[in-house]
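Just need the whole structure built from these sequences, with the hints factored in.
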Amino acid sequence: MARTAVSGRLAWRVARLAGFRDETPTARTLVFDVPGWPGHLAGQHVDVRLTAADGYRAQRSYSLSAPAEGDRVELTVQRVAGGEVSEHLTGPYAVGDPVEIRGPIGGWFAWRPTDPAPVLLVAGGSGIVPLMAMIRARRAAGVRTPFKLVYSLRTPAELYYADELRAPVAGVDVTYVYTRELPEGRPGLPKRIDVATLNTAGWPAEFGASCFVCGPTGFVETVADILVALGHDPHRIRTERFGPSRD
Amino acid sequence: MGVVTPGFQGRARSGNPRLPPGQYLEEGFPVLSAGPTPRVRTETWEFTVTTESGEKHTWNWAELMALPSEKPTVDIHCVTQWSKLDTRWRGVPVDTLVGGLGTEADYVMVHSYGGYTTNLPLADLLDGQAWIAYEYGGKPLTPEHGGPARLLVPHLYFWKSAKWVRGLELKIRDEPGFWENVGYHDYGDPWREQRYQGD
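These protein sequences, in sequence, are chains X and E.
Going by the numbering used here, the first residue of the first sequence is number 28, and it counts up by one from there.
Going by the numbering used here, the first residue of the second sequence is number 3, and it counts up by one from there.
These aren't lab readings, by the way, just hints derived from the structure by calculation.
Heads up, the beta-carbon is just placed ideally off N, CA and C, and yes, glycines get one too.
Take these hints with a grain of salt, some might be off.
Some residues of chain X that are not near chain E, with every Cβ distance over 10 Å (derived) [said to hold, decoys possible]:
no.	residue
1	Thr-51
2	Gln-86
3	His-115
4	Pro-173
5	Arg-193
6	Ala-197
7	Tyr-203
8	Lys-218
9	Arg-268
Here's a subset of chain X near chain E, in silico, CB distances under 8 Å, partners left out [said to hold, decoys possible]:
no.	residue
10	Thr-78
11	Ala-228
12	Pro-231
13	Thr-244
14	Ala-251
15	His-262
16	Thr-266
From the structure, some residues in chain X lie toward chain E, with a derived Cβ separation under 10 Å [what the hints assert, rightly or not]:
no.	residue
17	Ala-79
18	Asp-81
19	Gly-110
20	Tyr-120
21	Gly-133
22	Ala-137
23	Arg-139
24	Pro-140
25	Val-240
26	Ile-264
As structure tokens, this is what we get:
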């Protein structure tokens, strides 16, 4: 692995909110202008730092949700109850307000459009964010790498990027798994991702797919174990987890 | 002071002197790892120290258990900004495993089951600063937290405390490990906020 993903010092840059889109009642996509942004890979994340008037600082890591467009950078932030950073970013934080951002960070959980292997993305809840960046990077690069997305969420109301995911894209198969409440009219019962789900909706192990799994810790543990049990090479299973109170 | 974000208050200022800059207190124990959790059986577990001349010293699980252990209570600091205070561990001091070897190495590459590696100076593993830990909170260390045994180096960011540890490779020259190769710091001192290369 060449040391190319992050070169030189990672400087804090001033970022200003250029616009936002609410994905769900508790999740907001923030679009920033970050002058001098060096670009990033799909799957990478950034650190965001907020400073209060008295100098108090708080910083958190957030996944980038789309490829960069020049100096434009997008994140999606899930509001966490009591989360000092996420509650500000999904609430009073307004267009034109500054924060500081540095990155991109993490060259391991990253998809490169030059990689021809088929791709399996498995998202749990807000774990969809870096995986959506990969779907968008595929489109931006104009490649036909076959993608499958398995997206586990509690209820239909928690679906991020709903309009974009509902529009069919050739070569990107999307399977939804609802754990608490199904969409109206969908037969069956709520369930969790299991061996059968990934066996049916994923790639056969012999295809040598690149697997990216992102979600809460327990979800990622379960999915990664199933993929290993189905015969996927553990070195081709890349995971990103968020813990109980990471906001 | 940097750029003030209008209206940002933040939570109550803790002023806790045990929290390094940029860290917040965590009561749970989040997991950070790059891939599936390896299931390592103690029946086949081995731990090998390799010196710079290629000399190997290997312990199996029973041999590790037979060594004198310590029960450190330490604060840990993850690069993803959480810190956890007063965590209780049991393990064998690295001094016990490396102390008697003739070596001129200044650096160590730590190797794990599953292929993970991390680099750090040898001096940071000695003098009671690091353990091969196999109990957490009075119980055997679970696989998702690095069991059966992980390195514990609490004074550095916690990615240096490699899970599922299987060996130490003593080296004359420092070389980047897994996270270090993708931009994380070669040393990782939380009190100097050495998160990424160049910090």
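Hints the structure fails to honour:
2, 3, 9, 11, 12, 23, 24
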